[in-house]
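Peer 1: Note that the protein sequences, when read in sequence, are chains B and X.
First residue of the first sequence? That's 1238 in this note's numbering, and the numbers climb one at a time after it.
First residue of the second sequence? That's 169 in this note's numbering, and the numbers climb one at a time after it.
No lab work stands behind these hints, which were simulated from the structure alone.
Don't be surprised by glycine CBs; every beta carbon is placed ideally from N, CA and C.
Just to be clear, a hint being listed does not mean it is correct.
Negatives, chain X to chain B, calculated, CB over 12 Å [as the list claims (entries may be wrong)]:
#1 Thr211
#2 Met236
#3 Gly242
#4 Arg363
For lysine-lysine, the following PhoX-like pairs were computed, each having C-alpha atoms within a straight-line distance of at most 25 Å [said to hold, decoys possible]:
#5 X/Lys241 / B/Lys1455
#6 B/Lys1686 / X/Lys208
#7 X/Lys251 / X/Lys226
#8 X/Lys226 / B/Lys1686
#9 B/Lys1464 / X/Lys221
So you can see what is in the structure, the chains are spelled out below.
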Amino acid sequence: MSDIANNQDDFTRSAGRQLALFAALSVSGIALLMMGLSWASSLTGSGGVSEGVDPATGTVTLALREEPPQLDSTLSTDQVSGMVLGHVMEGLLRYDAHNHLAPGVAERWEVTDSGATFWLREDARWSDGQPVTADDFVFSWRRAVDPANASEYASIMFPIANAEAINQGEMDVDELGVRAVDDRTLVVDLERPVPYFDKLTAFSTYYPIREAFYRATKGRYAADADKLLYNGPFTITRWVHGAHVRMEKNPEYWNRERIQIQVLDFPYVTQDPNASLNLFKDGKIAYTTLTEENLTEALVQRWDLNRFMDGSVFYMEFNFREGRITRNLNLRKAIQAVLDPAELVYRVIKLPGYLPGESLFPIWLQGEVRPFRQEYPPPPRITDPERGRDYLEQARRELGLDEFPPLVLLTGDSPISNKQAEYYQETLNRELGLEVRIDRQIFKQRLAKMTAGDFDMVMAGWGPDFDDPLTFGDLFASWNLNNRGRYSNPELDSLVRVAQNTTDQRVRMEAFGEIQRILLENAVILPDYERGLVYVVDPQLKGMVRRVVGPDPDLTNVRIVEG
Amino acid sequence: MMWRYTVRRLIQGVITIWFIATATFVAMHNVPGDPLSSDKAVTAEIRANLEAKYGLDKPITTQYLIYMGNLLKGDFGISFTQKNREVNDIIREHFPVSATLGILAIVFAGLGGVLWGALTALYRNRLPDIVIMFLVILGISVPNFVFAALGQLGLVNVNDLLGFSLLPVAGWGTISHMLVPSMVLGLSTMAYLTRLMRSSMLEIVSSDYVRTAKAKGLPASRIFSRHELRNAILPVVTVLGPAIAAITTGGFVVELVFAIPGLGRYFVQAVQQLDYTVIMGTTVFYGAFLVLMVILVDLLYGFIDPRVRLE
């Protein structure tokens, strides 16, 4: 018996030795394989590991949320591309470190009711050393409105004479109201008085493109780092798609003294907030945004938290199409009376930096002299379930209903919109006995349903395109395509026309004040919140600027402080 | 015989891919929403210009025929979201990254699976067996995004403890970037293969021919490697084909967490953004890859086991 057992042990030992050999071979095989793969992939990756802030080389390292989808400034619409473009390009004007309008390529400018003139500085140059000329602006502006180019942001050029007609194919693109009088003088004819036209020229669609260079790329403009010509503070020196964008200080930039770092490096592309947080913890990136789950970690680490309102407003929009019960004013007022944005923000969403929504016009907008919301405070919203039930009773009589049909609430699939929708569902059911059906859709499907009007209420939001209340003010004009509920009110329409067509700031602000009142008194929308962000920055990095409009974050003014 | 078999399998493969392409095309065009819609509404004119640019203004059957024509030429078109990039470029630039990660993960999983499986069978019901099988159950039941997150967190803590960067937390490009992500990616497959290897090994250990070999007095080393290991490995090889495809295409979460520029990210984002051309390109490409892997493994089977005849 023991003999057999001994035999078995021998067998096991021998087999064990063979397995050990196998393991050793495996490990060395894997090591060899990794060497080979490592060599091969050095061509597709971001390469070495550097610190988030490196004082020795003047390098700042950050992560990108996604690969920049479009760096052709006339076609670009998204935030990441806008951020990258804002660092490598410059328009006629730009925003400075204090978010004030500052000279860019233009050293001085003049805007009148009928037009504008920009005088370009002599030392504004492209990254190949050639001067930036007025023709470069004429070329890119024409491209932006050219229907063949199908730019989604063409409408931001519509203040320029004939732009809209050209974009609709009714006029030739040469008839755009912009011309180069000489290399350094650009004259613009306006379609109507546009008091904020100077601000528009800081927007990325208005950046210059040199025609000869554009033609030389043969339809590949902006597809790669060497298919772009730069006139901003940095140039892109390396662009590995989906993996790495590296920017270096542009020696040809006219205001190069302003730029205090040498390299702005983005070797990581990830949408995962935890990955960014871990990179930040490891000292590999100099900045990251925090989510709710990550806040505790940030507090444990005793990081300095920064807050920033990104300028967008979120609200619930009603459907005003024929046959929808949400056309009824009293029903909307009933819903308005029971919902409390403060409760939503402080007790449901619970994210620091968020502000309860009071108006379509966010708090950062400037009025005539003071902030708009100080000059024209919105009527206070009082939560009063008792009155809500009275309104509902009136609505029931007006609509001739015994019982209200379920209301369809269209919403997105983010964690916040889930919470928000459930808050609505719960509150409307508890206070008014209304049944709310939540229709949760992913982005494109939600857009399709919003456009088709397939909802009673929809969670919507709006981010500003330019620094003027009009960027929000015309949203509910009957002709506005973003007015997904098809609200139509001649009084509001005429107020929008007033705000669009006069340069008298007092008259304009009064019009916006009226629009704000109409939207709230008629419960056209129910403001939910203004979005805020919490973020952390490496203490060695100073001077990062957050922007509501334009490239955000703006790192052109940063400097590295050792310590 | 072998050639006829291969050719027949390849023809079947082409039909499968055609079917995948058609089904994806139909499904994609029947989902509400379209790739051209965006947050900010555009005028009817701009919309029409965009549709004309991408050929979406044509009837759906025409679009299908054009698409199939281009597919035959190997042209997947231009992405709707990455507006300057051809789908071919996206696949060409990002698939090698996913493949590198996948190959490493599968090598890791395959070698590890065989090793641990043989070990557990050898020490059946003894301590090594119990410990490894416990870890195996953990590896199979915990999804890999948890391992990915934990792995990354572990790296941060290790680096923090050491005071210098032993291994990078995320990113791509060097050998040190690959180690942890590929292990994480291969973990569940390794656990699965371990279990497979163990059971097939146990079956063979008690088989007649092994007993005969022992009775004939063959040296232990020869019995173990020639008779036991070689036969027990067969089921592992069978599942390796689908496993390679699954790992290479399923690395999305690991790619996301470790900021790896692989193709998985594009695959998932394309579906969310309804990026028609990228959806079609990646689906057809992955489909073809999967079909090819299965055929390859079937052919490989014939080499490992001479009893299997390819007919």
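Peer 1: Would you mind marking each hint as holding or not holding in the structure?
Peer 2: Here is how each hint holds up against the structure:
| no. | hint | result |
| --- | --- | --- |
| 1 | Thr211 | 7 Å, violated |
| 2 | Met236 | 24 Å, holds |
| 3 | Gly242 | 20 Å, holds |
| 4 | Arg363 | 17 Å, holds |
| 5 | X/Lys241 / B/Lys1455 | 22 Å, holds |
| 6 | B/Lys1686 / X/Lys208 | 14 Å, holds |
| 7 | X/Lys251 / X/Lys226 | 20 Å, holds |
| 8 | X/Lys226 / B/Lys1686 | 23 Å, holds |
| 9 | B/Lys1464 / X/Lys221 | 22 Å, holds |
When each numbered hint is compared with the structure, a violation occurs for hint 1 only.
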